[in-house]
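Asker: Chain residues, written in single-letter form:
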Amino acid sequence: MGFHRQIRLMVAPPAMQPGGYVMKAYADRSEAATPAVDLRVDGSERGGFAIELGWDCARMQGAAGAQTDRFVDACALLCPLTPDAPWITMGAPGQPVEAVYWRADRERPWRMRAEGLGTMQRGEAPPGWSAQGAWDAGRWRVRFVLDAWEALAVQRRLGVAVWQGQHGERAGLKSVSDTWLPLG
Amino acid sequence: MQYELKPSRKQVAMVLDLNKCLGCHTCTVACKKLWNTDQGTDYAYWNNVETMPGKGYPAQYTDSGGRTASGEVKRGRVPNMDAEYGRAWTFNHASVIATDAASGTKEWLRPNEKPKWGPNWDEDHGEGSYPRDNHYFYLPRLCNHCTHPACLDACPRGAIHKREEDGIVLVDQDRCHGYRFCVEACPYKKVYFDYQRQVAAKCIFCLPRVEEGVAPACARQCPGRLRYVGFRDDREGPIWKLVDEWKVALPLHPEYGLGPNVFYVPPLSPPKLDAAGRPLPEMRIPVDYLKSLFGPEVEQAMATLTREREKRRRGEASELMDTLIAYVWEDNFRLGANTREVL
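As given, the protein sequences belong to chains A and B, one line each in that order. My numbering puts the first residue of the first sequence at 1, with every later residue one more than the last. My numbering puts the first residue of the second sequence at 1001, with every later residue one more than the last.
Treat the hints as calculated values from the structure; they're not laboratory data. Careful, some of the hints might be misleading.
What follows is a set of in silico ranges between Cβ atoms, one per label pair, in the way DEER data are often shown [stated by the list, open to error]:
{"no.": "1", "chain 1": "B", "residue 1": "R1009", "chain 2": "A", "residue 2": "R143", "range": "51 to 59 angstroms"}
{"no.": "2", "chain 1": "A", "residue 1": "G2", "chain 2": "B", "residue 2": "D1082", "range": "45 to 53 angstroms"}
{"no.": "3", "chain 1": "B", "residue 1": "L1207", "chain 2": "A", "residue 2": "R122", "range": "23 to 31 angstroms"}
{"no.": "4", "chain 1": "B", "residue 1": "D1244", "chain 2": "A", "residue 2": "P35", "range": "52 to 60 angstroms"}
{"no.": "5", "chain 1": "B", "residue 1": "V1029", "chain 2": "A", "residue 2": "R122", "range": "32 to 40 angstroms"}
{"no.": "6", "chain 1": "A", "residue 1": "A50", "chain 2": "B", "residue 2": "R1110", "range": "35 to 43 angstroms"}
{"no.": "7", "chain 1": "A", "residue 1": "R108", "chain 2": "B", "residue 2": "Q1196", "range": "17 to 25 angstroms"}
{"no.": "8", "chain 1": "B", "residue 1": "K1006", "chain 2": "A", "residue 2": "R108", "range": "36 to 44 angstroms"}
{"no.": "9", "chain 1": "A", "residue 1": "G65", "chain 2": "B", "residue 2": "E1107", "range": "49 to 57 angstroms"}
{"no.": "10", "chain 1": "B", "residue 1": "A1083", "chain 2": "A", "residue 2": "R122", "range": "27 to 35 angstroms"}
{"no.": "11", "chain 1": "B", "residue 1": "A1083", "chain 2": "A", "residue 2": "P127", "range": "41 to 49 angstroms"}
{"no.": "12", "chain 1": "B", "residue 1": "Q1196", "chain 2": "A", "residue 2": "P86", "range": "52 to 60 angstroms"}
Using N, Cα and C, we set each Cβ at its ideal position, and we do this for glycine too.
Please model the complete structure; the sequences and the hints are all you need to start from.
Answerer: Here it is, written out as structure tokens:
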């Protein structure tokens, strides 16, 4: 099982962001900083996955260091935990989603769970999950190796999000796929 | 999705009389030593004292805040460590100690890198020309624990809340993911980013002290006795008297519309001099400048202060002047019946 596709990304709508500030201060964001990603998914019969994301990134932001105003490149793969969990809001109450999140300044990915915007809880990923990123010639390639991801094995749909630190992207300031992507 | 903010049942507040601030930074040191010694906030001062007119801290902070002059949300900016906050300096202690006795040469203590900016970089500079109209004053700043906090409104994770029992604004660092929209949005730039723990950090109005009826460290340690602490609605307390009754204590940048709960008694200043050195009727600190900080009501406040000060000079009674002189320091702090202040 596997596929390799280029996925168009859109800017996550600022109007949906919780609180009154982000939706107004960033209302002019209409262009995705990351217009497209290459997504390669290879699945094993035992429920494990190797997933690779690649995207253009002219100026890599690999670590924030002792700085206040630097943001770090990151990406995430989201999967619904229920058949009706909405994508663009990262789930909803009673309709959770689960994610694996890679950030350029971390050795290990985070495993995350959310039931709507602003509810994301993050924790260490299981021992069998890893993520490695490499930046070369203006392009990130991040490879997730997940020895088992039950949610994806069952639901067989993915969402993709990318944050470019050079553009101050974090939280809801991100580029995302416009819907759940069926694994085929 | 806007947050619904329940009004606080009570609101702690502080008044600072700028006529009495001597710029000693004891407030800053008291706060920093008590709460804020983590490496990731080594550059950060929950309380700081600025020389005004001046760039402030972080430099030109009003340019990077998340509010327009009419109180509308605008995109703010997270200040830069080197250019705006000023990185905490490191010194050549080791080489100074190592070289002196053994070689007979002296290496003087100095920063390891040439400093270019810091929190008190323009201290005592001010404006004007000596001796005719040179002027400056000190402006101590801390979180305003706003009635409508921009930081709370900015956090997409709902990690900032305003306590119903006393209106103190707090960051839940377990919930915070270090996105820094709060830093960006606060027009006073009083939320900081702990770059090591990657969470936001800010003044907590010394809440464990306040819960015991003890005023915050910045107020208690002030040698000038210029700070008053109490609840906003306590009609017997100094806050009500100075803010609502006498109307001589004003918020900083009220135009942002956030309802700051820290108030300032504006500074009076000596008269300007003419070419012959004779005093002119105009004060050295331009009223328009003070208006740009404290709003249009500053003129009325200064008129009241001048009037009451003259009364006192004539030997007449002035409750306002007695309050501001702080003959009885205990009266500066009034945090309720359970107060256990030991002065």
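Asker: Range first: 32 to 40 angstroms. Now tell me if the beta carbons of B/V1029 and A/R122 are that far apart.
Answerer: Taking Cβ atoms as reference, B/V1029 and A/R122 lie about 36 angstroms apart, which means the hint holds.
Asker: Could you tell me whether the CB distance from B/Q1196 to A/P86 stays inside 52 to 60 angstroms?
Answerer: violated, 36 angstroms
Asker: Verify the CB-CB distance for B/R1009 and A/R143 against the hinted window 51 to 59 angstroms.
Answerer: Since the Cβ atoms of B/R1009 and A/R143 sit about 54 angstroms apart, the hinted range of 51 to 59 angstroms holds.
Asker: Is the hinted range of 35 to 43 angstroms satisfied by the C-beta distance from A/A50 to B/R1110?
Answerer: For B/R1110 against A/A50, whose Cβ atoms are near 54 angstroms apart, the range 35 to 43 angstroms is violated.
Asker: Could you say whether the range 49 to 57 angstroms given as a hint is met by the Cβ separation of A/G65 and B/E1107?
Answerer: violated, 29 angstroms
Asker: Tell me if the beta carbons of B/K1006 and A/R108 are separated by a distance inside 36 to 44 angstroms.
Answerer: holds, 39 angstroms
Asker: Between B/D1244 and A/P35, is the Cβ distance one that fits in 52 to 60 angstroms?
Answerer: holds, 56 angstroms
Asker: Given the hint of 27 to 35 angstroms, is the C-beta distance from B/A1083 to A/R122 inside that range or not?
Answerer: Given a distance of about 32 angstroms, which is inside 27 to 35 angstroms, the answer is holds.
Asker: Per the hint of 23 to 31 angstroms, is the separation of the Cβ atoms of B/L1207 and A/R122 within bounds?
Answerer: holds, 27 angstroms
Asker: Has the hinted range 17 to 25 angstroms been met by the Cβ atoms of A/R108 and B/Q1196?
Answerer: Once the Cβ atoms are compared, 18 angstroms apart, the range 17 to 25 angstroms for B/Q1196 and A/R108 holds.
Asker: That 41 to 49 angstroms hint for B/A1083 and A/P127 (C-beta), does it hold up?
Answerer: Given about 43 angstroms between the Cβ atoms, the range holds.
Asker: Confirm or reject the claim that A/G2 and B/D1082 have a C-beta distance inside 45 to 53 angstroms.
Answerer: For B/D1082 against A/G2, whose Cβ atoms are near 47 angstroms apart, the range 45 to 53 angstroms holds.
Consistency note: the structure conflicts with the earlier hints numbered 6, 9 and 12.
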